[in-house]
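Chains as they are written, first to last, in this note's numbering: chain D, 16 to 208; chain H, 3 to 189.
No wet-lab data here; the hints were simulated from the structure. Heads up, some of the hints might be wrong.
[To be verified] Per label pair, the in silico range of CB-to-CB distance:
id : chain 1 : residue 1 : chain 2 : residue 2 : range
1  : D       : THR17     : H       : PRO103    : 22 to 32 Å
2  : D       : PHE203    : H       : SER118    : 23 to 33 Å
3  : D       : ASP99     : H       : SER100    : 39 to 49 Å
4  : H       : THR71     : D       : SER137    : 45 to 55 Å
[As the list claims (entries may be wrong)] If you want the ones that stay clear, here's a sample from chain H, every Cβ over 12 Å from chain D, calculated:
id : residue
5  : SER122
6  : TRP124
7  : LEU127
8  : LEU131
9  : THR132
10 : SER136
11 : VAL144
12 : VAL183
13 : LEU184
14 : PHE186
15 : PRO188
[As the list claims (entries may be wrong)] Sample of chain H residues lacking proximity to chain D, with all beta carbon distances greater than 10 Å (derived):
id : residue
16 : TYR150
17 : TYR180
18 : LEU185
All residues carry an ideal CB built from backbone N, CA and C; glycine is no exception.
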Amino acid sequence: MTVREVAVEAYREALPALGASLVGGLLAGLVLGGMRADLRAVEGLLVLVPALLATRGNVYGSLGARLATGLHQGLIEPHVRTGDRRLRAAAAAALANGIVASLFAATAAFTILSTLGAPVASLGRLLGIATVAGLLSGITLVAVVVTVVFAGYRRGYNPDTLVGPLVTTTGDVFGVLFLLIAVRFVAFVLGGV
Amino acid sequence: MTTAWTVRAITRASLPVLLLLTLVEIGSGLVLGRFESILLRYPSLLVLVPVTIGTAGNLGSVLAARLSTAFHLGTLSFAPDDETLAGNAIATVALAASIFPLVGLGAWGLSALTGSTALSPWTVLAVSLTSGLSLAVLAVVVTVAATYAAYRFELDPDDVVIPVVTNTCDVLGVVLLYLSVLLFVPV
Numbered sequence: 016m017t018v019r020e021v022a023v024e025a026y027r028e029a030l031p032a033l034g035a036s037l038v039g040g041l042l043a044g045l046v047l048g049g050m051r052a053d054l055r056a057v058e059g060l061l062v063l064v065p066a067l068l069a070t071r072g073n074v075y076g077s078l079g080a081r082l083a084t085g086l087h088q089g090l091i092e093p094h095v096r097t098g099d100r101r102l103r104a105a106a107a108a109a110l111a112n113g114i115v116a117s118l119f120a121a122t123a124a125f126t127i128l129s130t131l132g133a134p135v136a137s138l139g140r141l142l143g144i145a146t147v148a149g150l151l152s153g154i155t156l157v158a159v160v161v162t163v164v165f166a167g168y169r170r171g172y173n174p175d176t177l178v179g180p181l182v183t184t185t186g187d188v189f190g191v192l193f194l195l196i197a198v199r200f201v202a203f204v205l206g207g208v
Numbered sequence: 003m004t005t006a007w008t009v010r011a012i013t014r015a016s017l018p019v020l021l022l023l024t025l026v027e028i029g030s031g032l033v034l035g036r037f038e039s040i041l042l043r044y045p046s047l048l049v050l051v052p053v054t055i056g057t058a059g060n061l062g063s064v065l066a067a068r069l070s071t072a073f074h075l076g077t078l079s080f081a082p083d084d085e086t087l088a089g090n091a092i093a094t095v096a097l098a099a100s101i102f103p104l105v106g107l108g109a110w111g112l113s114a115l116t117g118s119t120a121l122s123p124w125t126v127l128a129v130s131l132t133s134g135l136s137l138a139v140l141a142v143v144v145t146v147a148a149t150y151a152a153y154r155f156e157l158d159p160d161d162v163v164i165p166v167v168t169n170t171c172d173v174l175g176v177v178l179l180y181l182s183v184l185l186f187v188p189v
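Take the sequences, apply the hints, and build the full model.
Spelled out as structure tokens, the structure:
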């Protein structure tokens, strides 16, 4: 293949995924833009945003890749049955890892900002926000990833090509949306904001 | 080597890398924190943040996936005149040139629809296009370097390159957004 042919093929193949993440990213941005008061009130929250969004992509992207491989290898069936031990383990591991990474991010952000002498909300508030946001977006993303990967596979799509755009798009939107809900919920419980 | 399908085995295989990547992302959060007051003053710039991070990571992961596949097929050589390398590099820059104008205008349009915009659409467009195009060039450099390192250290590029590149591009996206804001937005 010539350089031109390679470039045209790569461009065509990548454009739909980038288009999907563009839409998801703009929607997430719209929610974030509406959170200015929350970002001002909870100091250090903005520092957490990239880590929380990336965790969604890293954890649930890898869950999707694992399910795709499992389907290709015949290890799991493309039907949701609560008794499937492998599916349950993969989903539980993703959820647990996602929450551990969110708590780790909150602790790291708090420690670094306090060390630098920068203003930061209390560790309890940040951990509370990370837990609620991680739990809500985790449950939603497990459901979305399992449903779409299984349905796509049954209809003859390659699940590998579905996972990337799916997780980046829904991960961004739900990630920011549940972050907003988590901030408001923790403010309701702990007071303030 | 495949990981067994148990919570313990999956966690042991993925959690260490996940925590390391989380720390890297906290680094990009600290960069965001440095220009938080500008972002809070201009909502269209705040809208740009998730979409820039998402598009940046995607550009890198698409390129990394394609180079990894070419590497497995044995069609990739690390010479500057290699067709696969050159073609994919050009495609990455062309994708950035197509997507980032929409990113900028989309961010400005959404802020205009939902409230106030203190910045002109051209400023937001300039910020998004400058950060996007410079990001595409750096994404190519990072991806080729990471794929080459995986090849030299005999690691599977699928396991290593994609997470490293995606998260590095996330951070670079935020850093370049910061630099573009300094360049175009009156503080």
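So, going through the hints one by one against the coordinates:
1. Here the CB-CB span from THR17 (chain D) to PRO103 (chain H) is close to 28 Å, well matched to the stated 22 to 32 Å.
2. The hinted range of 23 to 33 Å is satisfied by PHE203 (chain D) and SER118 (chain H), whose Cβ atoms lie roughly 28 Å apart.
3. At roughly 42 Å, the beta carbons of ASP99 (chain D) and SER100 (chain H) sit within the given window of 39 to 49 Å.
4. One distance hint, 45 to 55 Å for the beta-carbon pair THR71 (chain H) and SER137 (chain D), holds here, with the actual separation near 47 Å.
5. With 12 Å as the threshold on Cβ separation, the claim that SER122 (chain H) sits away from chain D holds: the shortest Cβ distance comes to roughly 17 Å.
6. Residue placement check: TRP124 (chain H) keeps its beta carbon more than 12 Å from all beta carbons of chain D (closest about 19 Å).
7. Chain D leaves LEU127 (chain H) outside its interface by the beta-carbon criterion, the shortest separation being 14 Å against a cut-off of 12 Å.
8. With 12 Å as the threshold on Cβ separation, the claim that LEU131 (chain H) sits away from chain D holds: the shortest Cβ distance comes to roughly 14 Å.
9. For THR132 (chain H), the condition that its CB be more than 12 Å from all CB atoms of chain D holds, with the nearest at approximately 18 Å.
10. Once the 12 Å rule is applied to beta carbons, SER136 (chain H) is consistent with being away from chain D; the minimum gap is 17 Å.
11. No beta-carbon of chain D is positioned within 12 Å of the beta-carbon of VAL144 (chain H); the least distance is around 16 Å.
12. Every Cβ of chain D is farther than 12 Å from the Cβ of VAL183 (chain H); the closest lies at roughly 14 Å, confirming the non-interface assignment.
13. Residue placement check: LEU184 (chain H) keeps its beta carbon more than 12 Å from all beta carbons of chain D (closest about 17 Å).
14. Under the 12 Å C-beta cut-off, the non-interface status given to PHE186 (chain H) relative to chain D holds; the minimum distance is some 18 Å.
15. Non-interface call for PRO188 (chain H) relative to chain D: holds, since the shortest CB-CB distance, roughly 20 Å, exceeds 12 Å.
16. Every C-beta of chain D lies more than 10 Å from that of TYR150 (chain H), the closest at about 18 Å, which supports listing it as non-interface.
17. Residue placement check: TYR180 (chain H) keeps its beta carbon more than 10 Å from all beta carbons of chain D (closest about 12 Å).
18. No Cβ of chain D comes within 10 Å of the Cβ of LEU185 (chain H); the nearest lies about 21 Å off, and the non-interface call holds.
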